[in-house]
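Asks: Next come the chains, spelled out residue by residue.
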Amino acid sequence: MLDLPAPTQLAVPAFTILILAEMIIGWKSGRARYEGKDTMTSMLMGLGSTVAGALSAAFFIGTSYWVWQNFGIFDIGTALWVFVLAFVLDDLAYYWIHRMGHRMRWMWAAHVIHHSSQHYNLSTALRQTWTGAFTPGILFKMPIFLLGIEPAIVFFVAGINLVYQFWIHTEAIDKMPRWFEYIFNTPSHHRVHHANNPRYLDANYAGVFMAWDRMFGSFIPEQKEEACRYGLVTDLGTFNPLRVAVHEWLGIFKDIWSAKRWKHKAMFLLAPPGWTPDGSRMTSDMIRAAWQKREAVQKTSKSNGSKDTVAAE
Amino acid sequence: MSFMQFIGSLIAVIIVALIAARLFPTKSKLTKERVINNVIRYCPHVDFTSASPLVYLSENHATAVALFPDHGDGYAIASALGDRVVVREIPDTNMVTVTETENGLSFDLGDFTQPTIEMLLSADQRRSLISQLTSLQSKKPEPVHA
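Those protein sequences? They're chains G and A, same order as listed.
Positions in the first sequence are counted from 1; adding 128 to them yields this note's numbering.
Positions in the second sequence are counted from 1; adding 220 to them yields this note's numbering.
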């Protein structure tokens, strides 16, 4: 087994320094905003995520190596180009894991944690799940192991991907140069991803390369006329890390328990968050559709109003 | 991660959070205007064009109840969480257990992500709000039996 460092662990001191730097910049300029309890929750979620990751690492490493050794199609080796290929393929896998993390309630139960803050700053980047091991996310990486890339390389580049994503959790940076905005995930693109405005829901899932969002139709640019509001569609009323970590799992269990039909039980796990058999709650698609309807009505009434004004004149 | 690394990280987390609390003290409390803005944003399906919601603000400005215009479609409860606001829409009065307390009212939403909301109210305000909530309950249509 290839012995590679864990980029996220190495980056922890830099994360802490950058959070303090953003705090000071925000304090002086007002371009970033923190709140003590929110910061505490975000960072405790990050610490808990590291512990949970360490506990589940043996299972994931074991499974990945078993697949690679027994079913790997090619023997690709460990040249530099393999690392580059692994980075691109892992980023593609990340895109789909992330997209399913928003579109399948089972995976949302783990990922919701990352979106549960109403703040958007570098500490939000550390607000990570404790329960990712209970989702089928690893399945999206299996094709990379089947291709013949050694799992240690995939875990290493996935670590670099996560380190990259740290700096984009900020309001202190407005826009990067146009070419950079086009190719890479940036603070602007990721603010949209964290926004709960109906216009911005379920967009910009990319890790590093925005090409995936452009290719699969999930790219939405940040609009100057509509500032991002952060958090969940229904925000949490607590900073308690345990409640933050498990609330959606509890919701799923309750819904499955009370569902009468097996199909509904399965849908509570596999359908998008907010799905119910009777439509009594709203999915992000329903929220966006309702918003579009309201916008259309407003536009119509505005244009009718202006016509009336013209007629009156 | 060793135990000592964990303890070291925990201490670092606490220090960073304390610095955040020091640099960004939470001054903002709920005001009627803030409650109205958040309720309108959170309940876009409720028509607020004819009138704004009627707001009962707790004496410590930490929580509020906003009754929708004409008492249609239930009400909303807003609470301050740090420097932000959390709103819960209550379309059905049965969703909440409202209890009179010594200094006001408490709202138990039976929601894992929303601890019980305590409202500090004067005796007059409490009476008035209870009467409004009771009238909401009585306005609910009777179930129709075939």
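Derived from the structure by calculation, the hints contain no laboratory data.
Check the hints yourself; a few may be wrong.
Stated by the list, open to error - With a straight-line Cα cutoff of 25 angstroms, these simulated BS3-like cross-link-like pairs (lysine-lysine) come out:
hint, chain 1, residue 1, chain 2, residue 2
1, G, K303, G, K352
2, G, K156, G, K303
3, G, K156, G, K352
4, A, K247, G, K165
5, A, K247, G, K393
6, G, K156, A, K247
Predicted model only: the values in this text are computed from it and were never measured.
Asks: None of the hints should be skipped; say for each whether it holds.
Replies: Status of the hints after comparison with the structure:
Simply put, K303 (chain G) and K352 (chain G) have alpha-carbon atoms about 11 angstroms apart, close enough for the 25 angstroms limit, and the pair holds. The hinted pair formed by K156 (chain G) and K303 (chain G) meets the criterion: a straight-line CA distance of about 20 angstroms does not exceed 25 angstroms. For a cut-off of 25 angstroms, the pair hint linking K156 (chain G) to K352 (chain G) stands: about 23 angstroms separates their Cα positions. For the hint linking K247 (chain A) to K165 (chain G), the alpha-carbon distance of about 14 angstroms falls within 25 angstroms, and the restraint holds.
Between the alpha carbons of K247 (chain A) and K393 (chain G) the distance comes to roughly 45 angstroms, so the proposed pair goes past 25 angstroms and is violated. For the given pair, K156 (chain G) sits about 17 angstroms from K247 (chain A) by alpha-carbon distance, which is consistent with the 25 angstroms threshold.
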